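J.: Residue strings, one per chain:
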Amino acid sequence: MAITDTELKRLADLGLTNVEGLTIEAVKALGTLSDEELKALAKAQKSMSGRVHTMDGNIIF
Amino acid sequence: MTLSDELRAVIRAAYPVADQAAENAFSRGALREIYPRYLTMLHQIVRSSVPLMQTTLERLRKMQKRTAAIVEYSDYLARHVDEEAHHDEWLLDDLELIGHNRLGVTATRPHHEIARLVGAQYYFTLHYNPFSLLGYIAVLEGAPPSSAKIDRMEASTGYPSDAFRTLRIHSDVDQEHLRELDLFLDRLVISKGDRQSILANAAFTVAGVARCIATLAEPNPDEHPLEELAPTH
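So the protein lines, in turn, are chains A and B.
Per the numbering used here, residue -2 is the first one in the first sequence, and the count goes up by one each step.
Per the numbering used here, residue 2 is the first one in the second sequence, and the count goes up by one each step.
Pulled out of the complex, with its shape left as it was, chain A reads as follows (with noise of 0.2 angstroms):
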């Protein structure tokens, strides 16, 4: 279950550079998200980059 060159392509070109460290697997499930969720993260993940990730949420089950 490789990740094609495509697939990674999309994920460049949307702006979601930053899946080092991520399983294949794990790249494929982002992968599922619309273009539109995938613009939308990479947005927030560069404006909250250098911020220490502490898993402090807003939901709960």
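Just so you know, the hints here were simulated from the structure itself, not pulled from any lab data.
Some hints could be false.
As the list claims (entries may be wrong) - Straight line, CA to CA, 30 angstroms or less: simulated BS3-like cross-link-like pairs of lysine-lysine:
| id | chain 1 | residue 1 | chain 2 | residue 2 |
| --- | --- | --- | --- | --- |
| 1 | B | K193 | A | K36 |
| 2 | A | K25 | A | K36 |
| 3 | B | K66 | B | K193 |
| 4 | A | K40 | A | K25 |
| 5 | B | K63 | B | K150 |
| 6 | A | K40 | A | K6 |
| 7 | B | K193 | A | K25 |
| 8 | A | K43 | B | K150 |
| 9 | B | K150 | A | K36 |
| 10 | A | K43 | A | K25 |
| 11 | B | K150 | A | K40 |
| 12 | A | K25 | A | K6 |
| 13 | B | K66 | A | K25 |
| 14 | A | K6 | A | K36 |
| 15 | A | K6 | A | K43 |
| 16 | B | K193 | A | K6 |
Claimed, not checked - These stretches of chain A come out as covered by chain B in the derived footprint (C-beta under 8 angstroms, 3 or more residues):
| id | segment |
| --- | --- |
| 17 | 12 to 19 |
| 18 | 32 to 39 |
Said to hold, decoys possible - Label pairs and their in silico Cβ distance ranges:
| id | chain 1 | residue 1 | chain 2 | residue 2 | range |
| --- | --- | --- | --- | --- | --- |
| 19 | B | H128 | A | I21 | 22 to 28 angstroms |
| 20 | A | E17 | B | T3 | 15 to 21 angstroms |
| 21 | B | R103 | A | E4 | 43 to 49 angstroms |
| 22 | B | D163 | A | S31 | 39 to 45 angstroms |
| 23 | B | G100 | A | I21 | 47 to 53 angstroms |
| 24 | B | S28 | A | K43 | 36 to 42 angstroms |
| 25 | A | E4 | B | Q65 | 30 to 36 angstroms |
| 26 | A | N15 | B | D152 | 29 to 35 angstroms |
| 27 | A | R7 | B | A86 | 39 to 45 angstroms |
| 28 | B | S28 | A | R7 | 29 to 35 angstroms |
| 29 | B | D76 | A | E33 | 50 to 56 angstroms |
If you're wondering where the values come from, they're calculated on a predicted model, not measured in any experiment.
Every residue, glycine too, gets a C-beta built ideally from N, C-alpha and C.
Since chain A is already given, all that's left is putting chain B on it; use the hints.
T.: Frame of chain A; chain B shown alone:
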């Protein structure tokens, strides 16, 4: 890499979008006004937790193949149904303390983003792969607000401590639930397809949670008590 590690990696990679939505929503206007809307949104999501797990349990019961993974998953859900029972009622208690009556809250029409997030879980479970619900559970159990964040909310809103009871309990309890979930996930023997459905649903869930939180920054034209929408005949 274990399934729980992989799942956390997906959630960590995707979560900035939810963090950013929360930052926008909570920095906009008075938190005192946003907080009841936030609790209402959580209630609209949390009231589906037990029914979603029960629906999944029912689907698992009807599956012809009884693999070890299906048996273990069913046991996990059955235990979890008990653990999560009445959390929606706690949220209504908290809202009541700050002047929002239960009937008004339960009659508030949910934003379509809530239906999109939660409704998709029913679809995935009933028509695709019941294991995918684990991606949703992992996101929701894995990202409660911290005690420090709840303290800041309490100070900013001026609401009584008891109005934060549900968040505080989840801040602690969800950590235990998360450890329990991770242990369960890592002993689960499932197919690549099942695994991928869990990971993909985790990514979908984070994006959905972000959209739900973003609605808090919108004016609320969608929030109409149901009686206003009820047919007149």
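J.: Does each hint hold? Answer for all of them.
T.: Each hint tested on the structure:
1. Distance check on the hinted pair: B:K193 and A:K36 sit about 27 angstroms apart at the alpha-carbon level, within 30 angstroms; holds.
2. About 16 angstroms separates the Cα atoms of A:K25 and A:K36, which keeps this hinted pair within 30 angstroms; it holds.
3. Proposed proximity of B:K66 and B:K193 is supported: the alpha carbons are some 17 angstroms apart, at most 30 angstroms.
4. As the CA atoms of A:K40 and A:K25 are separated by approximately 19 angstroms, the hinted pair is consistent with the 30 angstroms bound.
5. Distance restraint check for B:K63 and B:K150: the Cα-Cα separation of roughly 43 angstroms exceeds the 30 angstroms cut-off, and the hinted pair is therefore not satisfied.
6. Between the alpha carbons of A:K40 and A:K6 the distance comes to roughly 17 angstroms, so the proposed pair stays at or under 30 angstroms and holds.
7. Restraint check: the Cα-Cα separation between B:K193 and A:K25 comes to about 12 angstroms, which is no more than 30 angstroms; the hinted pair holds.
8. Pair hint A:K43 plus B:K150 holds up; C-alpha atoms about 23 angstroms apart against a cutoff of 30 angstroms.
9. The suggested pairing of B:K150 with A:K36 holds, with an alpha-carbon distance near 28 angstroms, which does not exceed 30 angstroms.
10. At most 30 angstroms may separate the alpha-carbon atoms for a hinted pair to count; A:K43 and A:K25 meet this at roughly 20 angstroms.
11. The hinted pair formed by B:K150 and A:K40 meets the criterion: a straight-line CA distance of about 24 angstroms does not exceed 30 angstroms.
12. In summary, the hint linking A:K25 to A:K6 is supported, as the alpha carbons are separated by about 13 angstroms, within the 30 angstroms threshold.
13. A hinted pair counts as satisfied when its Cα atoms are at most 30 angstroms apart, and B:K66 with A:K25 qualifies at roughly 28 angstroms.
14. Taking the CA atoms of A:K6 and A:K36, the gap is about 13 angstroms. The hint holds against a cut of 30 angstroms.
15. Proposed proximity of A:K6 and A:K43 is supported: the alpha carbons are some 18 angstroms apart, at most 30 angstroms.
16. Restraint check: the Cα-Cα separation between B:K193 and A:K6 comes to about 24 angstroms, which is no more than 30 angstroms; the hinted pair holds.
17. With 4 residues bearing a CB less than 8 angstroms from a CB of chain B, the segment 12 to 19 of chain A meets the requirement of three and the coverage assertion stands.
18. With 3 residues having a beta carbon nearer than 8 angstroms to a beta carbon of chain B, the segment 32 to 39 of chain A meets the requirement of three or more and the stated coverage holds.
19. Between B:H128 and A:I21 the Cβ separation comes to about 26 angstroms, which falls inside the hinted range of 22 to 28 angstroms.
20. At roughly 19 angstroms, the beta-carbon separation of A:E17 and B:T3 lies within the given 15 to 21 angstroms, and the hint holds.
21. Evaluation of the 43 to 49 angstroms hint for B:R103 and A:E4 yields a pass: the beta carbon distance comes to about 48 angstroms.
22. Distance hint for B:D163 and A:S31: a CB-CB separation of about 41 angstroms, consistent with the stated range 39 to 45 angstroms.
23. At about 51 angstroms, the beta-carbon gap between B:G100 and A:I21 stays in the expected band of 47 to 53 angstroms.
24. Take B:S28 and A:K43: their Cβ atoms lie about 18 angstroms apart, and the range 36 to 42 angstroms is violated.
25. Between A:E4 and B:Q65 the beta carbon distance is about 34 angstroms. The supplied range of 30 to 36 angstroms therefore holds.
26. The beta-carbon spacing between A:N15 and B:D152, approximately 31 angstroms, falls within the hinted interval of 29 to 35 angstroms.
27. Remark: the range hint 39 to 45 angstroms for A:R7 to B:A86 is upheld by a beta-carbon distance near 42 angstroms.
28. Evaluation of the 29 to 35 angstroms hint for B:S28 and A:R7 yields a pass: the beta carbon distance comes to about 32 angstroms.
29. In this structure the hint that B:D76 and A:E33 lie 50 to 56 angstroms apart at CB is violated, the actual value being about 39 angstroms.
In summary, the structure is inconsistent with hints 5, 24 and 29 from the numbered list given earlier, while agreeing with the others.
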